[in-house]
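Given these sequences and hints, build the entire structure.
Protein chains in written order, with this note's numbering: chain A, 1 to 340; chain B, 1001 to 1178; chain C, 2001 to 2812.
Treat each hint with caution, since some may be false.
[Said to hold, decoys possible] Over 10 Å on every C-beta distance to chain C, these chain B residues come out as not near it, computed from the model:
1) His1002
2) Gly1066
3) Arg1067
4) Ala1081
5) Gly1084
6) Glu1085
7) Gln1091
8) Asp1095
9) Arg1096
10) Arg1119
11) Pro1123
12) Ser1151
13) Ala1154
14) Arg1157
15) Gly1158
16) Pro1162
[To be verified] Okay, derived cross-link-like pairs now, EDC-like style, lysine to aspartate or glutamate, Cα gap no bigger than 16 Å in a straight line:
17) C/Lys2129 - A/Glu45
18) C/Lys2787 - A/Glu317
19) C/Lys2787 - A/Asp311
20) C/Lys2796 - C/Glu2664
Derived by calculation from the structure, the hints in this document are not laboratory data.
Note that beta-carbon positions come from the ideal geometry of N, C-alpha and C, so glycine has one too.
One letter stands for each residue in the lines below.
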Amino acid sequence: MLRLPRFELRQPTSLGEAVTLLREEGAGAMVMAGGTDLLPNMKHELFTPRVVVSLGRVPELRGITRDPDGTLVVGAMARIAEIASSESVRKQAPALAQAAGLVAGPQLRRAGTIGGNVLLDTRCQYYNQSYFWRSALGFCLKKDGVVCHVVAGGSRCVAAASADCAPALMTLGAVLEIVGANGHRTVAIDEFWLGDGIVNRRLAVGEILVAIRIPPTPPGHRGAYGKLRERGSIDFPLLGVACRLDVGDGDRVEHGDLVLTALAARPKRIPQAASRLVSTRLGTEEFRAAIDELGALAHRQCHTLANVPGDQEWRREMIPVYVRRTLQAAAAGNGPVHHV
Amino acid sequence: MHLKVNGDVHDVDAPDHWTLLEVLRYRLGLTGSKQGCDKGDCGACTVLVDGEPMISCLILAREAEGREIVTIEGLWPLHLARGGEGPDPVQDAFDRYGALQCGFCQSGMILSARALLDRTPSPTDEEIARALSGNLCRCTGYTQILQAVQSIVARARGVEPPRRSWEAANVGRQAGER
Amino acid sequence: MASRDIHGIDAPWGAFRHVGRDLRKVDGLAKATGAAMYTDDIALPGMLHAKTLRSPHAHARIRSIDAADALRLAGVHAVITGEHLPVTYGILPWTQDETALAVGKVRFVGEPVAAVAAVDEDAANAALKLIRVEYEPLHAYLDPFESLARHDPPIHEGRKDGNVSKHVHLAFGDVDAALAEADVVIEDDYVFHGTTHAAIEPHCAVGHYGADGVLTVWSSTQITHYVHRALARVLDVPAHRIRVIQPCLGGAFGGKSDPFSLEFVVAKLAMTTGRPVKMLYTREEVFYTHRGRHPMHMRYRTGATREGRLVGVDATIVIDGGAYSSYGLVTTYYAGQLLTGPYAFATYRFDSTRAFTNKPPCGPKRGHGSVQPRFAFEVQLDELASTLEIDPIEIRRRNLLGEHTTTVNGQRITSNGFARCLDVVEHASNWKTRHGQLPFGRGMGVAGSMYISGTNYPIYPNPMPQAAVQLKIDRSGLVTVFTGANDIGQGSNSIAQYLVAEELGLALDQVRVVSADTDLCPVDLGAYSSRETFMVGNALIDACRKVRPLVVRAVADHWQVDPSRVRFVDGVVVELDDPPLQPAGVAVGGEARPGASPPDAAAGRRWMTAAEAFQLAEARFDTLGATGAYNTPTLGGDYRGGTIGAAPAYSFTAHVVEVSVDVETGRITCEKVWIAHDCGRALNPMLVAGQMEGSAYMGVAEALMEAHGVNRFGLHAGPSLLDYRIPTTVDTPELAALIVESLDPEGPYGAKEAGEGPLHPAIPAISNAVFDAVGIRLKHLPFTPGKVLAALRARKDAAAGTPAPALAGGAR
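Okay, structure coming up:
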């Protein structure tokens, strides 16, 4: 059996204890939420921490609640399956519920957490491999090596952001609550990302993502998530598209957003989405033209790389198709966009 | 550590980096949970944790302390303890419907099906397929597995299970050949 | 009785009691409850764990190996390298080109180089990292055309023919003349990519060496007997001091039908350390072990008359073999030899060449050697049909080979239910009202195939039986069957139980089966080429018919009646009326058991239990038992290679598949497969259906999803079940298993194979259905969405640039 490297497991029972532990252990410690990303990566010796700090017994991190102002507060340790089936998430943040419902397969959705999904390590076909495989390749920029095998001569890692929930959260304007030795901070999820595949998020050593705050959405809010993958289950995205349409009187779009993932190190927003969609009316030629144009824009702005396995030209061709289909699904109050 | 497996609390000694699957198989001798892919891709190691199907090769054994673990070995005794006769109806249906070819994936598959039926006694065919979509089987093409689960649902609904394709068809046999 | 006897197709006691019913498997509940023991479930006292160091180079010379540091590590008991196991082996006697650990050079990334035995897996893994190997990298051949064009340095030294693993050229009749005279000739190139078995159980072996000098190896193998022979050869231990046991097996599909490195390694390490040793491959190592379906580059020319009658087929095939021979010699023949049915053609020629490359070795996968050519040919046939504007099922009917005939390459055909297979899929799929008439984007395709039911040629030539069994008849009423057959999930142990219960008139629970243990069981050659039901079935009937007369005689004499008035039914012996009852009248309630009250059928008649009958017979004739055997008749064409592909019977299959094509994404969805398969007689229809469904599922997956290969660096492109994507429940089409029974004169009660044949047509039928759906011909596997979109664009461009083709295809 492929074994985990040795480590010491710590299981704090309060957030304070967890923060203290992490401060004491420093860079030699890693935080584990559901373990569904960390443990396979550790089996591949991508991480060999001396100490693993499990958040499984920290009660403060669980649950989905609503603040008086209508903000949905999703504990970082809320299970992905919980998000997918939560009535309040489905209602207030349909794109997130849909994205969560398409993460991996049923068992991993029960173990995996929303926090873990947001913090999912970037993925690459030359990186998510065993130590033996990577050593035979001569390693890579992201881990143990100096060469990028995706982009010849590349000096910046292009491993792909592959979390399904992240783009959905971006369209929702989510705010991340983070706790560390220096106290509590919040950061808009848009500001959280770095364009570096080696580490694509701004989370300091010793910090813990504790909750995700999803601001209230207006009554006319619609959202959808589209996921391209080979199989109808288990697989990571080959492309993820999240969109938002806030619809007002007369089916007129008052706010729109479009974010794609599984392309580069961080999810990619199509900046023209809002201006192009706002004030169009659903079901009209104008709306159809807008989503066609956004598909074409996304195709121009997004490039696919050989970071994710498979036919990258086809993945690129799928960008306008999935952009259109996801926006159409949102407009119709449907989704997710998925082939099965 | 203390692990509660199939109703018994076991005092187990294993290093921190051992997974629940490794402890079940190599410390407790509960080898019915299988290892197929090493890292959460196949579902053969699925066990029930607090009633939910989970991938035991991606759960640290110590993380399972304080939770109720049910492995494939636990289903039949549990069924008997509840006053049932014979094996658990899911196990029995898998056998009656030919779902057990090599059998290697089936302990995980059966537990996923058991949990589904515990949660949703009368699932649709699509719900069954989705609930089992994290358990890879290489032998059956899934047809007889799905039919096995559907047969239990049919019984619960008090209707006849749908005829299986080879029963319904038997069109190839010439009249009077037997 | 003799091993070549034909036992007939009739029920032994008038009417079948077990055969033909959807019975449970002998091991079903053991598997369902987690009680069944697989190789990795074995734990022996003091057992060590072994791990393999593998080559990071696709092609390199080994300059030196230094294991001193590894040996010094706490918990490490032994390190072995190629010098400890230098004897070559290979599944075929003519191509023994493998060693358990590399000797002198490595030929693919992942090839075993050294092995460590340690107190646990962690210590063994740590030791691997301390072994220093110095390599001199050599040019790596990743493309078969390159390795055929040049061979400096060669992949295997000392061969006359460079990197050619095997070349076969056979011609039957004057193909050139036939094609020159044909009204139409279809000529094109087809590519079959590689695929692998991906059985869910990884390979595992446990070795134990006793102080008495007996070596025992438990292995997840489907060929216990050949592993036994190879161990004796490589370890230089006499075969009689080796015992090989196959525990319950978690799937194989051909992927466990070679002797593998780990079997020799655990044996050697057990002998070296005096401790039991286990090695369990990781999933990644399973991908390096491979032996999957060969990539093939195929050029076919098929000629026909205006009426659609085939006149000649000409094939040129280049096969990518990977680094070692494995079954490659047979593959190279099968690529041509197995195409000559279910259609007749008067002339045929094939030229196939297997090239060595620096990749994981290919071997036999379900439908060995013939799935790839079948794909090419059935697509050609469809093209022929559309060119000639003949219905694709009709063109197949016009070329039926028929039964009790001989193929163009000299193979004997006995039973043949292919015509009925076509009828059945045509009817079940509503072909006549739907093919060619569905909306754009939806389509139906058909394909047919033929496959061997066992092969007439043992892997090493010898005159001994190919299958043998032994029966032990116990006073308790139990019959124990000992068979060397490998139950790999297909149910050969269950078939043994059904057949013996049928032959001896017993209840099912009166027969238990012991299998695949070389100490206990007579030799059987193993689970490959779909031989177990056919050959072991015949051997079982042979054994039963040796012992049955003794028991009947003992009862008849006891009752002082003629033996013809003694009948066994479900474990109860009854005296028949005079004149005897008609067979149908004998049926009794299914629950009759020894010791129970007399069954209805016995009412008013004399009766006894089978156990009592066995006791009478044992008293009369001494200990009861029997052996049984089977050998194929002499078969095959009278030319070099003419016996390869010769089988005592052939199975036949036809599929209709329905697909939908998303023209925007290029994604093909296989909606449904209607599978009609002629299995001779369905001994257990439920198990036959399971084989048909599993085969079709695997074929669909190979067409649409799976691809096994290396990347540009020579590394496996994705050695995991995440990256090698096998379908889940939601990716699998609806599968309808439609059983056709032709009752083969030589099969056990008329049975033939069902485990491999039903895979073949799925792949070409999907290509043909895509043509029906959107008018494109897919000739390069796998049928990825990107290829579909490219073909749709090409079709559109062609339509825009030139007048629409006159023939069908662009019509809708």
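Going through the earlier hints one by one, which of them does the structure break, listed in rising order?
7, 8, 9
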